[in-house]
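For chain F, the structure is supplied; the task is to place chain R on it using the hints.
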Amino acid sequence: MIFLTVGTIFPFDRLVRAVDEAIEAAVITRPVFAQIGQADYKPRHMEHVSILDKRAFDRQVDEADFVISHAGVGSLLIALERRKRLLVVPRMRRYKEAVNDHQLAPARRFAELGHVLAAYDCDELPQRVREMDSFTPVSRESQAYRVAQRLSQFIDGVVADAGRDVAEGFHRTHAM
Amino acid sequence: MTDKQENIRVGLAASAGGHASELMKLARCWKGYDCFFVTTSRVVERQMAQHGRVYVVPESNRRQPLRILRTLACCAKIVIKERPDAVVTTGAAVGCLMAFLGNLSGAKVAWIDSIANSEGLSLSGRLARPFADLVLTQWPELAKRYKSVEYAGHVL
Chain F
29 MIFLTVGTIF PFDRLVRAVD EAIEAAVITR PVFAQIGQAD YKPRHMEHVS
79 ILDKRAFDRQ VDEADFVISH AGVGSLLIAL ERRKRLLVVP RMRRYKEAVN
129 DHQLAPARRF AELGHVLAAY DCDELPQRVR EMDSFTPVSR ESQAYRVAQR
179 LSQFIDGVVA DAGRDVAEGF HRTHAM
Chain R
4 MTDKQENIRV GLAASAGGHA SELMKLARCW KGYDCFFVTT SRVVERQMAQ
54 HGRVYVVPES NRRQPLRILR TLACCAKIVI KERPDAVVTT GAAVGCLMAF
104 LGNLSGAKVA WIDSIANSEG LSLSGRLARP FADLVLTQWP ELAKRYKSVE
154 YAGHVL
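Here the protein sequences come in this chain order: F and R. Position one of the first sequence corresponds to residue 29 (the numbering used here), numbered consecutively onward. Position one of the second sequence corresponds to residue 4 (the numbering used here), numbered consecutively onward.
Okay, chain F solo, but in the shape it has when bound (with noise of 0.2 angstroms):
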């Protein structure tokens, strides 16, 4: 099974249209399900919902061979996080599907480093899901407990500031 992801907030039809014809000139084999957020298109070869809740959502990642999905950094997270295959497409501003091109640096960088594949136009969709079957992602460490230890300094900073402001204040009110 393929799981296919374009976010819930805004719709992405390009990629939900070429993955339906994809299926339809069989170069997708397998069953396809899904998450359409709000796409007008319809796909026609696809099971498919417009949103799931994040169990769900996790299944569905969890039991596919491999996810397709718009190049946004929830889906590279989630993919990444459960060392599952993704091939991703960015999102184009001059397709209306975003304010501007912010899926494209995240889908080069991440497709350079080798932890994704990148389709950068639906014409490459095609090839880029024959590849995936042979594909073998460079797998990403996280390092939120780095990010989050060194805001939790910040944070104590703040809790300093704070303890020596009560105690300045104490003593202000005891000299008066």
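None of these hints come from the bench; they were simulated from the model. Treat the hints with caution; some may be incorrect.
Stated by the list, open to error - Subject to a maximum C-alpha distance of 27 angstroms in a straight line, what follows is the list of computed DSS-like cross-link-like pairs (lysine-lysine):
(1) R/K28 to R/K150
(2) R/K34 to F/K82
(3) R/K28 to F/K112
(4) R/K34 to R/K84
(5) R/K28 to F/K82
Claimed, not checked - Stretches of chain F that chain R covers, calculated by requiring three or more beta carbons in the stretch to come under 8 angstroms of a beta carbon on chain R:
(6) 33-43
(7) 46-52
(8) 129-135
(9) 162-174
(10) 180-186
Since the model is a prediction, treat every value here as computed from it, not as a measurement. Glycine included, each C-beta is placed from N, C-alpha and C at the ideal position.
Leaving out everything else, chain R in the frame of chain F:
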């Protein structure tokens, strides 16, 4: 120590979607503090509600000046009510507004730029920078390029 920490109020802000996913990966940094969240969709509300109060404000971006003003007004109400000591945000527009308002109200502000911004700091990050006491990027080469931008690892 625990009592003292509970007196500290941390405001956490992120637009729904990837920004919120990145924020939720950092949960251990706000453990033990009194927390509230500001986000832009009910979709992420349930996950955040396990950690603190959640406020959902209208989604907006720089192409919708009127909506930005509406979101700004909503955020201002929240900041006046909550009076955070610290604001931690992963962006985007709502994070920028909360950084600005947090700074204005005397809170310390931390901005974590999204992993998506591998070629330069995001627009919202650049706008929020003057109001932030700590700016983190998730790409080491960007920390070298921008003054007072730090790299402390990547969330993803």
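Cross-check of the supplied hints:
no.	hint	in the structure
1	R/K28 to R/K150	holds, 26 angstroms
2	R/K34 to F/K82	holds, 22 angstroms
3	R/K28 to F/K112	holds, 18 angstroms
4	R/K34 to R/K84	holds, 21 angstroms
5	R/K28 to F/K82	holds, 14 angstroms
6	33-43	holds (count 3)
7	46-52	violated (count 0)
8	129-135	holds (count 4)
9	162-174	holds (count 6)
10	180-186	holds (count 5)
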